[in-house]
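Just so we're aligned, residue 394 is where the sequence shown starts under my numbering, counting upward by one.
Since the hints were made in silico from the structure, they are not lab data. All values reported here derive from a predicted model rather than from experimental measurement. Ideal placement from N, C-alpha and C gives every residue a C-beta, glycine not left out. Just so you know, nobody snuck in bad clues.
Simulated restraints, written as ranges between beta carbons of each label pair:
hint, residue 1, residue 2, range
1, L546, L451, 36 to 42 Å
2, E468, G524, 23 to 29 Å
3, S436, H484, 38 to 44 Å
4, L546, R469, 30 to 36 Å
5, G529, S436, 46 to 52 Å
6, E561, L489, 39 to 45 Å
7, G443, H484, 38 to 44 Å
8, A564, P534, 20 to 26 Å
9, D458, A525, 25 to 31 Å
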Amino acid sequence: MESGTDSGSALPPRREENRPHLMEAPVNSSDGRGDDVYQPDGSEVQDDAGLLDAEDTLDDDGVDDPLDRGWSPPERPWAVEHSGVTAAEGHRGETLDQRLAEERPDVTAPDGDGIGDSGDTDGEPLDDEVGAVRSGRLVAPDEGAHEDEESALIATDVGVDGAGASAEEAAVHIVDEDALSG
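Please construct the entire structure, taking both the sequences and the accompanying hints into account.
Spelled out as C-alpha cells, the structure:
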C-alpha cells in the first residue's frame, strides 16, 4: 500500500508533483522588497470612492442617504485612561500586577429589581403615561436656525433619524391621550 492512501478513500495519492502551486519560488531580495510580499504598483492604487451606496453595504438601517445617519459619541474615553498610551509608558512597560488587573472582571453594582433602576428601593412604579412607541426627532418651527418668533415650546416630529438619536431623544415616546387614566 502506498503512503498517503488508504483502501476506503476515493482521493488520489498526495504527491508534490500533482500540486505545482505549492512549489517554492526563489526569493529575490535585490529589488528592495523585504520578504517578497505583494506590493501594488502605482497603477493599481485606487482613489477613495467615498461613501458606498446602501445596496453596496451590509448595513440596512432604513436610512436612504448615508449622510443622514446620526452618531452619538461614546460615554467614556476609549484608551486615554489605559496604561501604555504615551511613548514613555510604552517604553517603561506594565508591571505584572497591572497586567493581571486588566484580566480580572470589573466589579459592578447589582442590578435593580427589574422595575426601576435602584437596587435599595422598590424602584420606580409602572407609569401608564409612558408610551411604547418612540418619537422621532423633534424640530422647532424655526428649524433651530432662525430667530424664534414663538415663545411657547413647540416642535414637530420629523421622524427617526437613522437610529442615531442621543439618549435624551430616544427617551421621548408618544403617549395616546385617550388611553390616559384620570
